[in-house]
Amino acid sequence: MTGWEHFHTPLTIEDALQTLMTSPDSAVIAGGTDLLLDLDQGRHSRVKSLIDISRIEALHEFTISEDFVVVGSAIPLSRLLNNPLAQKHAPALVEACKLIGGPQVRNVATLGGNVAHALPAGDGTIALLAHDAEVHLVSQDSERWLALADLFTGPGEVSFDRQRTLISALRFKRREALEGSAFRRVMRPQGVAIAIMNMGVWLRCDQQGKIVDARISIGPGGPTPFFASGGSSALIGHIPDKIVLDQVALAILEEAQFRTSRHRSTKAYREHLVSSLLEETVTVAHKRASHYEMV
Amino acid sequence: MLNCRVNGQIVEVEIRPDEMLSDVLRNRLGLTGTKVGCGEAECGSCTVLVDGEPIVSCIYPAARAQDREVLTIEGLAQDETLHPLQHAFVETGAVQCGFCIPGQIMTAYALLQKNPNPEESEIKAALKDTLCRCAGYPAIIHAVNSASARMQGQEPPAIMIPRSGPESKTVGSLHPRPDSIAKVTGQAKFTDDYHFPEMLVGKVFRAGVPHAVLEALDISKALDQPGVVEILTAADIPGENLHGLVYRDWPVLVGVGDRVRYVGDAIAIIAAENEEAASRAMAAIRPTFRELPIVADPVYARSPEAEQVHEQGNLLKHIKVRKGDMEVGWEQAETTLEATYHTPATEHAFMEPECSIALPSEDGRMEILVGSQIPYADREQVARTLDLPQEQVRIRGTLIGGGFGGKEDIAGQIHAALLAQATGRPVKILFDRHESLLVHPKRHGTQIQVKLGAKRDGTLVVAESELYGDTGAYASLGDKVMTRATTHSAGPYNVEHVQADCYAMYTNNPPAGAFRGFGVTQSCFAVESCMDDLAQALAIDPITFRRMNALKVGHTTNTGQILKESVGLLECLDKVESVMRVRVGDRDPFTAYAPEGKPGIRRAWGIAAAYKNTGLGGGAPDKASAEVELYSDGTIEVRSASADMGQGLVTVLQMIAAEELGASLEQVRVLLSDTDLTPDGGPTTASRQTFVTGNAARNASIVLREAVRSSLSEKLDVPPDEITFHEGLAQVNGQRVSLGEAANLMKSEGREPRAIYEYWAPETQPLGTGGDMHFAYSFAVQAAEVQVDLATGEVEVLEVIAANDVGKAINPLGLQGQVEGGVMMGLGNALTEIFITEDGMVFTDRLARYRMPSITHTPRITSLVVEDPAAEGPYGAKGVGEISSIPTTPAITNAIKNACGVRVRRLPVDQDSLAQAIAVGAQTCE
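Here the protein sequences line up with chains A and B, keeping their order.
Numbering follows this note's numbering, in which position 264 of the first sequence is assigned residue number 314; successive positions increment by one, without gaps.
Numbering follows this note's numbering, in which position 826 of the second sequence is assigned residue number 814; successive positions increment by one, without gaps.
Keep in mind the hints are simulated off the structure, nothing from the lab.
Some hints could be false.
[Unchecked claim] Each computed DSS-like pair below joins lysine-lysine, with the alpha-carbon atoms no more than 27 Å apart:
1) K586(B) / K337(A)
2) K443(B) / K138(A)
3) K116(B) / K138(A)
4) K112(B) / K138(A)
5) K148(A) / K102(B)
6) K223(A) / K260(A)
Assemble the whole structure, with the sequences as input and the hints as a guide.
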């Protein structure tokens, strides 16, 4: 019994923004699989209006330009992960989306919603961070692309004004030769249904398999989705082996803020997991990168 | 206004903007086949298809369905013809309690639409979040495969289910539940599926604090809310304000000046015209509490400084088992071992949350619809509080969406009845999942210390244990549960010297009561862990060690009972071992190995044994009545107030009556749990119904058969023993008389064609007096193969081989469901399940915080049936409901020990501490 008084179903972005601006105590809903539960269980303040953006066709577009893959924010995860182009260009993202919820939830949940929820360990978000994604923010008087990393200001908090602005799309660079990505996570079989730790890795290597560019993202490694810049740098210039990965893990332990979360994980376990998660994820990403040729 | 198509029909219906699709389907369109199990997108019971895609309708705003096509379970069958999936779910025994089945079928339907020939891994991926607590996952996988084959014109895979030994006509044959077709089509009605004119919404205002004195209560603002019809407090109760199954210590409503003992204590009850009004009233009630120090664990509860939760103190009961002479025992012991184990409270998480509907009648009677495990106890408790004679209360059992022991105590029955009595209108109280988690009794959290001693040759000579059980705020069945934990705490072994002391303690946690396994689940984990460690210390193979010490006929149990028959433990051990040996070939099953290409993984098997009483025992009179009636149309009705919560009692009773009357199963229907129409079958607990009510139904059938025989013998002038009964006919000398004609004949003679039989199980003796504490025991052995990820501590169960000595498999399809479901529940108990409280506050207050096994956890399960008959049991049968679940947990933790060298002493297995123990080379994980 969540008790909103209006459920708007705008068909255009303009209409959605207009409704958002003129409806006090309103919230944007895409899939709603997080938001509706947050409302019902009192984690989100009560709203008078919900603005459902899932019927806006522009938000369902999946396009590839010369540089970017652009994913409409309201595409259901199930559609995204079955999209061959998404599978080709962003294996980490597809792997992450497969792990979100069950099939019924993925049929309505969206990538835009995952990002907007701004949790430090959102699977889609962590994968996008490894892909150096950007977020398209639209409001009535402006629109802009913002680096995903700059979107988050705290757990559940974002840098844009939720009463004026929508996330309309996400984009990341299309995959080039010798690039690859992977996503892995460790769950706890008891208690809270949130990952203990997840990791996204994106790599580019040279013909010999040496890594020339790398990005590692980890959740939860701090109050916001965590990009491991030190760990990423430590990979560059190497063919990943045990010694290199040990150094990367050390760099990550230095920069990340792992902590104990009640009934979910101890700090020590998270620190312990970094190595094995890293080995698994980097190995897969590296294999993908070194085998990937431009078509 | 919502316009859409539902099951092909155009629908135009007025909705509120905040209504979910599940509410609209159920409440506005009357399509109650769609079930709501959690309301938080966790369980998948409410799955329907929108534009061909499965979604969870409990968090799908109905407004979203505008212009879309919705398909529910009611839309699947075409003109009375079941969809192949529905047919397959019936045929393979995938339907048990049935509550989750519409969601399972809709999710599977969506899968087959896209992928007509799925791999097992794809079935598991699709059904990953559609939970079944009866855990018929292997049968569900089989059903989806069968349907897939049928839809492509192929032969479905054969059903591999062990049959019963010597087959009779009906008993022991494979037969689906009589209610399964209603359950796969969405027609089956659980309590919340009933609606009555003028019905009010009932809500319970609960304390929300674990320990306090209620100093004041202001309901005036709540009463002023529009739509609120009545609010009752303790002062309004006409009769007694205490209920409880064994001890009446649980207030129906905590009164001003009285003590709150847990967060779920009821303070006031509200009847309102609708949900919104009831919610507004809930928000406007103002209690004033004087908070008291909290008693949060049972060991602390026994310390002198602990606040006393009840006037008589915190000790509910000190339970003692004494056998032999401990001094002699310890002197004889050459190898000894001692360890302390902890098990958490766990949650039944039956998929159907509690619901009661009270219907007042004009003549002052009160009728209550409820899915209850003990209808006659409900009647007695409701009558006492309403101050009515028991006959003025009628409990009408509805279908039960899972129970597992969690629907024995009162939930909303009394509250609904009080509100109905006060308002004169029907009142429904439906718990949401949150309330269900907070309120009903859990499995006891325990601390169990075990000391074992053996001679060097492997003879177990002495066992000592000390148990603490957290029975929470109220006794519920805590006394009985912890008694069972204590009497079974030395395992199914022949031990000469035994001492066990158990302290069942009151605390400020939610009450603990009956839960499948009934205390034995906890003590079996402790003793079977110790048995493996002791075998290792003695350098004896764990199977050999168990075989050497296993209980046999002629042995004396720890409570002084000489076992005279039906001890199938050795056969269970043999059967499990032989299958396990086939799996491992030359390898030692208990030695770890790394599978090829996975150096960070270790695999090994583990084994455990258990026994469990059938029936109440301990001197409690254990009886059940059943009535069997023959109708003019040749049909037969079996009646008993016994519950089928999915375990298959309806099939068992149907089969027994058909067997004894020589009728076909189609001729027999079963009516359960109506205190006006069915005689008392006693509580559905302690794995007792097949034995006790089974015997009552069998004897009633025999009495009826003999009455028919005597009528026919006079009429046809033949000796009675020349009349035989088969194919639904009485047959003599080539003459055939249908059972319907026989019924008419009896009526014309002024005889009623029905018989009632009250069956009394063999007398038992109280604990401490020696003699037979129970009239039968079931035995089981399970072996589990696990793999442990040495780096992450993640554990996966790959296979479980389970042998259960059930005396006689009356209903093999139901038995298979009980075994597979029992194994899955045991697996959850080992790896996933923990009901967390923090200083009396409930952390596990949503299903998202309680993980139970899903289809993805399902290992290969092999069920082996052992039939060592119990002379007194119907056809030799004894209980199965609990034993199938008990040894799973220690089999898994023993396998973990064998795989990675770490002994887990605290449940559930915590991968966090397991990984860290492996990393530092520790031997135990506390």
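Evaluated hints:
1. K586(B) / K337(A): Distance of about 17 Å is within 27 Å: holds.
2. K443(B) / K138(A): Violated: K443(B) and K138(A) sit about 66 Å apart, past 27 Å.
3. K116(B) / K138(A): Since the Cα atoms of K116(B) and K138(A) sit roughly 25 Å apart, the hinted pair holds (cutoff 27 Å).
4. K112(B) / K138(A): 25 Å, holds
5. K148(A) / K102(B): 17 Å, holds
6. K223(A) / K260(A): Holds, because 21 Å separates the two Cα atoms, which is no more than 27 Å.
Taken one by one, the earlier hints fail for this structure only at number 2.
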